[in-house]
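With the hints as constraints, model all of the structure from the sequences given.
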Amino acid sequence: MEYKMFFKPGALKCMIDKITRYKISIVAIQEVRWLNSGYIQSGKSIIFYSGLQTGRHEKGVGFVIDKAVMTQVKKIVPVNERICYIRIVQQKLYLIILNCYAPTENADDEEKNSFHDTLETTFDALPKNCIMLTIRDLNTQVGRE
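Residue numbers (my numbering): 1157 to 1301.
Treat the hints loosely; a few may be bogus.
No more than 20 Å apart at the CA atoms, straight line, and that leaves these computed lysine to aspartate or glutamate pairs for EDC-like [as the list claims (entries may be wrong)]:
no.: 1; residue 1: Lys-1231; residue 2: Asp-1280
no.: 2; residue 1: Lys-1248; residue 2: Asp-1293
no.: 3; residue 1: Lys-1231; residue 2: Glu-1267
no.: 4; residue 1: Lys-1268; residue 2: Glu-1214
no.: 5; residue 1: Lys-1215; residue 2: Glu-1266
no.: 6; residue 1: Lys-1179; residue 2: Glu-1214
no.: 7; residue 1: Lys-1169; residue 2: Asp-1222
no.: 8; residue 1: Lys-1215; residue 2: Asp-1280
no.: 9; residue 1: Lys-1200; residue 2: Asp-1173
no.: 10; residue 1: Lys-1174; residue 2: Glu-1187
no.: 11; residue 1: Lys-1200; residue 2: Glu-1214
no.: 12; residue 1: Lys-1215; residue 2: Asp-1173
no.: 13; residue 1: Lys-1215; residue 2: Glu-1267
no.: 14; residue 1: Lys-1223; residue 2: Glu-1261
no.: 15; residue 1: Lys-1268; residue 2: Glu-1187
no.: 16; residue 1: Lys-1215; residue 2: Asp-1273
no.: 17; residue 1: Lys-1284; residue 2: Glu-1267
Label pairs and their in silico Cβ distance ranges [claimed, not checked]:
no.: 18; residue 1: Met-1226; residue 2: Asp-1265; range: 38 to 44 Å
no.: 19; residue 1: Met-1226; residue 2: Asn-1285; range: 28 to 34 Å
no.: 20; residue 1: Phe-1279; residue 2: Lys-1169; range: 30 to 36 Å
no.: 21; residue 1: Tyr-1195; residue 2: Gly-1166; range: 33 to 39 Å
no.: 22; residue 1: Leu-1294; residue 2: Gly-1194; range: 31 to 37 Å
Hints listed in this document are in silico derivations from the structure and should not be mistaken for laboratory results. The beta carbon of each residue, even a glycine, is placed where N, CA and C say it ideally should be.
Here it is as C-alpha cells:
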C-alpha cells in the first residue's frame, strides 16, 4: 500500500485492516506526510508518527503497533521527519527497531548529508547491548542514468 495516500478517505482503515488480517504486530511506515509527532489510535492499533514541524505534508515516518504489544514497547523516539525508533523489551531481550526514510537521489546534497549525519548520530547514541533492526526506505533507483 502506498502510505503517501494517508490523506485519501479510508486509506488508514484499509492499512489497519490488512495489518489485522495478517496478524502483524509492528509495521514501520514511511511517507506518512503528517505534521509534527504524536500518535493516534485506530481499532486495535496505535500509530506513532514523526513528521515535519511546519509546512507541507511531506516525508514522515512512524510505526503501527498492535495494542497487545504496547506493554513491551519501552521507548518511542521521533528523531525527525526521516528517522524514528522504538525500544522493545521482551523478557531479557532488548530490541531497537530503527525506521528511516532517505532523501531521493534528486534531493540536494545538503539534505542528503544532513540525513546521513543524523542517522549516524542517532545510531551511535543507541545502547550497544541491544539487538538492532533497521528498516529503511533508501530511495534507491534501478537502471541507467
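Here is what the structure says about each hint:
Straight-line distance between C-alpha atoms of Lys-1231 and Asp-1280 comes to about 17 Å, which keeps the hinted pair within the 20 Å bound. Of the pairs offered as hints, the one joining Lys-1248 and Asp-1293 is violated, with about 30 Å between alpha carbons and a cut-off of 20 Å exceeded. For a cut-off of 20 Å, the pair hint linking Lys-1231 to Glu-1267 is broken: about 27 Å separates their Cα positions. The straight-line distance between the Cα atoms of Lys-1268 and Glu-1214 is roughly 16 Å, inside the 20 Å bound, and the hint therefore holds.
Only pairs whose Cα atoms come within 20 Å are accepted, and Lys-1215 paired with Glu-1266 is accepted, the gap being roughly 16 Å. Note on Lys-1179 and Glu-1214: the hinted pairing is violated, with a Cα-Cα distance of about 29 Å set against a maximum of 20 Å. Taken as a hint, the Lys-1169 and Asp-1222 pair is honoured in the structure, with Cα atoms around 14 Å apart against an allowance of 20 Å. Between the alpha carbons of Lys-1215 and Asp-1280 the distance comes to roughly 23 Å, so the proposed pair goes past 20 Å and is violated.
For the given pair, Lys-1200 sits about 10 Å from Asp-1173 by alpha-carbon distance, which is consistent with the 20 Å threshold. A threshold of 20 Å between alpha carbons decides the hint, and for Lys-1174 with Glu-1187 the separation of about 18 Å falls inside it, so the pair holds. Restraint check for Lys-1200 and Glu-1214: not satisfied, since their Cα atoms lie roughly 26 Å apart, outside the 20 Å limit. Straight-line distance between C-alpha atoms of Lys-1215 and Asp-1173 comes to about 23 Å, which puts the hinted pair past the 20 Å bound.
Under the criterion of a C-alpha separation no larger than 20 Å, the hint pairing Lys-1215 with Glu-1267 is consistent with the structure, at around 13 Å. Proposed proximity of Lys-1223 and Glu-1261 is contradicted: the alpha carbons are some 37 Å apart, above 20 Å. Restraint check for Lys-1268 and Glu-1187: the C-alpha separation of about 16 Å stays at or below 20 Å, so the hint holds. Simply put, Lys-1215 and Asp-1273 have alpha-carbon atoms about 18 Å apart, close enough for the 20 Å limit, and the pair holds.
Our distance criterion of 20 Å between C-alpha atoms is broken by Lys-1284 and Glu-1267, whose separation comes to about 28 Å. Taking the beta carbon of each, Met-1226 and Asp-1265 are about 40 Å apart, inside 38 to 44 Å as hinted. A C-beta distance of roughly 23 Å is found between Met-1226 and Asn-1285, which places it outside the suggested range of 28 to 34 Å. Restraint check, Phe-1279 to Lys-1169: a C-beta distance of roughly 34 Å satisfies the suggested window 30 to 36 Å.
Evaluation of the 33 to 39 Å hint for Tyr-1195 and Gly-1166 yields a failure: the beta carbon distance comes to about 20 Å. Under the hint 31 to 37 Å, the C-beta atoms of Leu-1294 and Gly-1194, about 26 Å apart, miss the expected range.
In this structure, the hints that do not hold are numbers 2, 3, 6, 8, 11, 12, 14, 17, 19, 21 and 22, in rising order.
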